[in-house]
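Chemist: Let the sequences and hints guide you as you build the complete structure.
Protein chains: 2
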Amino acid sequence: MSELRDGDSIGGFTYREIPTAEVEAIADRFAPLTEAIRRLNDVVIRSNADDATVAGATAMIDELTAVLGRGAEPGPIGTAFNHEGHSWSWSNAAVGARNAVAPPLEVDFVDDTHVVGRAYLGNAYEGPPGKVHGGVSALLLDHLMGVTASHRHTQTAFTGTLTMRYESPLPLGKVTLHGELVKQEGRKIEVEARIEAADGTVAIRAHGIFITPRWAAGLWEDR
Amino acid sequence: MSELRDGDSIGGFTYREIPTAEVEAIADRFAPLTEAIRRLNDVVIRSNADDATVAGATAMIDELTAVLGRGAEPGPIGTAFNHEGHSWSWSNAAVGARNAVAPPLEVDFVDDTHVVGRAYLGNAYEGPPGKVHGGVSALLLDHLMGVTASHRHTQTAFTGTLTMRYESPLPLGKVTLHGELVKQEGRKIEVEARIEAADGTVAIRAHGIFITPRWAAGLWEDR
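One line per chain: the protein sequences are A and B, in this order.
With the numbering used here applied, the first sequence closes on residue 223, and no number is skipped along the way.
With the numbering used here applied, the second sequence closes on residue 223, and no number is skipped along the way.
What the hints contain is simulated information worked out from the structure, not anything from laboratory work.
It should be emphasised that the depicted structure is a prediction, and the values quoted were computed from it without experimental measurement.
Don't take each hint at face value.
Have a look at the derived ranges for each label pair, beta carbon to beta carbon [unchecked claim]:
id : chain 1 : residue 1 : chain 2 : residue 2 : range
1  : A       : 163       : B       : 12        : 22 to 30 Å
2  : A       : 7         : B       : 8         : 22 to 30 Å
3  : A       : 31        : B       : 87        : 34 to 42 Å
Listed next, the in silico DMTMM-like pairs over lysine to aspartate or glutamate satisfying Cα-Cα at most 25 Å (straight line) [to be verified]:
id : chain 1 : residue 1 : chain 2 : residue 2
4  : B       : 174       : A       : 62
5  : A       : 188       : B       : 167
6  : B       : 183       : A       : 167
7  : B       : 188       : A       : 167
A few chain B residues facing chain A, derived, Cβ under 8 Å [said to hold, decoys possible]:
id : residue
8  : 19
9  : 37
10 : 39
11 : 65
12 : 98
13 : 99
14 : 126
15 : 133
16 : 140
17 : 162
Quick reminder that beta carbons are idealized off the backbone N, C-alpha and C, glycines included.
Modeler: Structure representation (structure tokens):
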């Protein structure tokens, strides 16, 4: 990788000359702030505060935004990787460690073809009263299935079709997702997945077909 | 509706004795705060602030959360409605006016069977570099299609199956969604939808089957 320079892009992924230890230090710096914003947002949904209190909080947040924004990247910041093969995506809507929109979903490979996901879905993820928004489940399933299709990050795959069968309402709280790469034929990958409530009840079962684009086939084997 | 009392629940929806004008005043109070949190979150994703600045911001946000949380509802707060037939859902993950996780999606009926949705999807909704997370599109499509299935809020319908065909990447920015109720047979409703980039390019086409549960069939006609 000696030909790569800081800021170079491969298929939209940005090469950064930042050691993994420093990436982790940045994550540790911003994770508590992101968690604090998640808690703030949860309270704003439920608050009974009066006009003056809410207006004061709004002004304070605008000030913090100005301070944190000095010298900020223009965005979008996308996904970056370094010479150690480590990659990170602060912004990702499902897993982003610096994005309060993301629950975040935590994803782990059990083996090359099995992935488990975990998330805590609080008040900000509500759809039907007391239940997870069906679209939030779809967001998490889409993400988990894309990761599953990557065969432990050895291939880049994009969603072709996704079919979801809603079996039962999913209560807010802890959820678990399971993904399995069930079939692969050339650049076409099939994945099955489900999302379950804390008690193991399956809420949605999903089937997805993922495609490795021609430009990406062999991208990682070459490197 | 004279038999209803404040706090009563119908199918999970809560009756509240709050006039629509007051509901709108509450929305006006919290909307700027929610927007401020969306801007804050966008900056946190991109910030280069140092440890001390980030730690100071985190402490400040925790203080605001404590202040806004005094006397707050315990949550989840679900969806409420009043004697004027007005309903509101502060928390909803797609459209919630007091939830910074929601873009928010704005949804309008063109006629009884056609719905248009609009959202601005910034850095917090990223998946592939510079593009909207496919799962975010799925979240918005799921929501829009559920609204479309409601036939201008004359029936309650839940997602049965949802199939999405990903046709092209969706750049971050303004997006438009279209939903159409294409078929209805008893309690089974079919909806087609799409999400488009600002230039009109279709990113995803979706087909959904929605079901009106037995308990909800005729719920609104009776009232």
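Chemist: For each hint, tell me whether it holds in the structure or not.
Modeler: Cross-check of the supplied hints:
1. Between residue 163 of chain A and residue 12 of chain B the beta carbon distance is about 27 Å. The supplied range of 22 to 30 Å therefore holds.
2. For residue 7 of chain A paired with residue 8 of chain B, a C-beta distance near 59 Å fails the hint of 22 to 30 Å.
3. Between residue 31 of chain A and residue 87 of chain B the Cβ separation comes to about 37 Å, which falls inside the hinted range of 34 to 42 Å.
4. For the proposed pair residue 174 of chain B and residue 62 of chain A, the alpha carbon gap of about 23 Å is at most 25 Å, so the pair holds.
5. Among the hinted pairs, residue 188 of chain A with residue 167 of chain B is consistent with the structure: their alpha-carbon atoms are about 15 Å apart, no more than 25 Å.
6. At roughly 22 Å between alpha-carbon atoms, residue 183 of chain B and residue 167 of chain A fall within 25 Å of each other, so this suggested pair holds.
7. With a C-alpha separation of about 15 Å, the suggested pair residue 188 of chain B and residue 167 of chain A falls inside the 25 Å cut-off, and the hint holds.
8. Interface hint status for residue 19 of chain B: violated, as the beta-carbon distance to the closest one in chain A is roughly 17 Å, over 8 Å.
9. Against a cut-off of 8 Å between C-beta atoms, the interface hint on residue 37 of chain B holds, since the closest Cβ of chain A lies about 6 Å away.
10. Restraint check, residue 39 of chain B versus chain A: the minimum CB separation of about 5 Å is within 8 Å; hint holds.
11. With 8 Å as the threshold, the beta carbon of residue 65 of chain B comes within range of chain A, its nearest partner Cβ sitting at about 5 Å, so the hint holds.
12. For the restraint placing residue 98 of chain B at the interface with chain A, the shortest Cβ-Cβ distance is roughly 5 Å, inside the 8 Å limit, so the hint holds.
13. The interface hint given for residue 99 of chain B holds, since its Cβ lies 5 Å from the closest Cβ of chain A, which is under the 8 Å cut-off.
14. This hint holds: residue 126 of chain B has a C-beta 4 Å from the nearest C-beta of chain A, less than the 8 Å allowed.
15. At about 4 Å, the closest approach between the beta carbon of residue 133 of chain B and any beta carbon in chain A falls short of 8 Å, and the interface hint on this residue holds.
16. The restraint placing residue 140 of chain B at the interface with chain A holds, with a minimum CB-CB distance near 7 Å, inside the 8 Å limit.
17. For residue 162 of chain B, the interface hint holds, the least distance from its beta-carbon to any beta-carbon of chain A being 5 Å, beneath 8 Å.
Figure legend: structure checked against the earlier numbered hints; hints not met, in rising order: 2 and 8.
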